[in-house]
Every structure is written in C-alpha cells, then in structure tokens.
Amino acid sequence: MIELERLPELVDPVLIAAFEGWNDAGEASSGVIAHLESAWKAEPLIALDPDDYYDFQVTRPVVEMGEGLTRSIVWPTTRLLRARPPGLERDVVLLRGIEPNMRWRSFCADIIEICRELGIELAVMLGALLNDSPHTRPVPILGGATDEGLARSTNLELSRYEGPTGIVGVLQHAFGEAGLDAISLWASVPHYVAQPPNPKATLALLRRLEDVLEIPMPLGDLDEEARAWERGVDELASQDSEVAEYVKELEERKDAAELPEASGDAIAAEFERYLRRRDRDTDS
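Per our numbering, the sequence shown starts with residue 8, numbered consecutively.
Hints may be right or wrong, so weigh each one.
What the hints assert, rightly or not - Cβ-Cβ distance ranges computed for the label pairs, FRET-style:
{"#": "1", "residue 1": "Val69", "residue 2": "Glu256", "range": "17 to 25 Å"}
{"#": "2", "residue 1": "Arg112", "residue 2": "Phe63", "range": "19 to 27 Å"}
{"#": "3", "residue 1": "Glu221", "residue 2": "Arg123", "range": "18 to 26 Å"}
{"#": "4", "residue 1": "Tyr168", "residue 2": "Ile80", "range": "17 to 25 Å"}
{"#": "5", "residue 1": "Arg13", "residue 2": "Glu259", "range": "25 to 33 Å"}
Note that these hints are calculated values from the structure, not bench results. On a predicted model such as this, the values are computed, not experimentally measured, just so you know. Idealized CB from N, CA, C, for every residue including glycine.
Taking the hints into account, I'd like the entire structure generated from these sequences.
In structure tokens form, the structure reads like this:
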C-alpha cells in the first residue's frame, strides 16, 4: 500500500523513469537517473512498499555500515524523487527503481496513481538493450510512444520490436491505457562490451531526452568519460584480432545502412541543444 496524503503540489511536472535489471544493459538508463539525481540535487518524494513487489531471495536487501559501526538495511524498491532544474519553472520527478519480481499490473497501477496525484501527464521511460551496434559509432536510440501523434511531435524513430518485454514496456502500455502520455527511449549497447558502466550510452540517452523534453540536461563529465570509455574498448579490441575484425564488420554494416540525411539531422539536433543551453545561460 502507498500513502499519498503528504505529496506536495508540483508545477507542470514530467516523469523520467528507469529500472535496473533486464531493461538496463550496461546500466545506461539507470545511470541517467543517478546522474540527474546528483546534478539536480533531487529530494525524496515517496517509495513503494518493497514487500508488495520484490522477492528478496532474488533481489536481496543490502547491509550498509554507518558511523559508529551502526548497521542499516537498504531494501530493494522503487523510489520517486523531486527535482527543479536550474532556470526552469517546472518540476521533474525522477523514478529510480528495480524491475519488480511479481504483481506487475498492481505495480503499474500504483505508479499511475502516484502520477495522477502529482499532476503528471507525461512520462519518459528509459531503457538500454544489447545490440550489434559498434562502439565506435553514435549510440542508436530507438523510441516508443503511446500514440502516433506523440511520436511525430517528438520526432521519435519507433521500434518495431515484437517479443518478450520488461517493466518499461509494460508500464508504458499501462500509461496509455490510463489516458496518460508516455514515451520510451532505448539505447543500443554493444553486446561484446556489456559490462557497466557505459557512459557513452548514458550520454546518448541524456541528449535524446533533452530533445524530447526541451529541457537542458546537465552533462557534467560525461563527454570526457564517454571518450575515455571508447578509447578503452578500442584498446581491448586491438588486442584480439577476431574482436577487431568483428568490430570492423559491424562498422561497415552500420555505415552502409546510414541514410544520407542522418548527418544533417544530427547537426540540426546539436544546434537546437546549443540554442537551449545559450538561452538558459542568458536567463540565469
């Protein structure tokens, strides 16, 4: 059960959500929430009761040590936090969760109830999946939306995926069934370098999120971290001729599939981001 009596009134709030687990290759999507939580100094709003949705033998609680050797237990759950990005007169609600082990429909109903209470009418859900994209090329971001009009207005390249889904797909569908707008953004993480973290994929999600919401995203050191990550993978690949040949094959396949206008679209999107950041810096 959740208690909603003490939730504050928010200004034009939007939800940004990510879940650890199946939906989070390279921890790229949960990395976005962790980054924004720190950059925007987000404050806790509410947490779901973990007894309702988690099997603690599968997703175990964690012991933490505090001052004076005091011990505390951190239970796996889903938490919502409130942030007010600098220079904006609107709130952002960050959802940081772990994919639940059971009762997904009730879980989605709880999230939607909280969003209605907070006045949230748009949610952006982040995910990351393993794919055969080369690490040397821009990270592909595919999307989904609760209706075609929303997809067009946000210039989403819609995924045609059919098959098993995770809580991101289920929650997006539940939002649509409830009459709320929801978008999903999925980063493609190279399957041959799946271990976390993947700052390049996290950075790509942040930039696409900025395009969709038209909210300047704090990038911090992610640009530098992404370049360092790519150099590290380059070095590892160069030490194995089979891996190097495989990466070269992926690059050729990717380059052959690129549309001629793709580079122009990327330049235009980057210019729009620059204008938003310039306007924000001028106002502040």
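Hints, verified against the model:
no.: 1; hint: Val69 / Glu256: 17 to 25 Å; result: violated (41 Å)
no.: 2; hint: Arg112 / Phe63: 19 to 27 Å; result: holds (21 Å)
no.: 3; hint: Glu221 / Arg123: 18 to 26 Å; result: holds (24 Å)
no.: 4; hint: Tyr168 / Ile80: 17 to 25 Å; result: violated (38 Å)
no.: 5; hint: Arg13 / Glu259: 25 to 33 Å; result: violated (57 Å)
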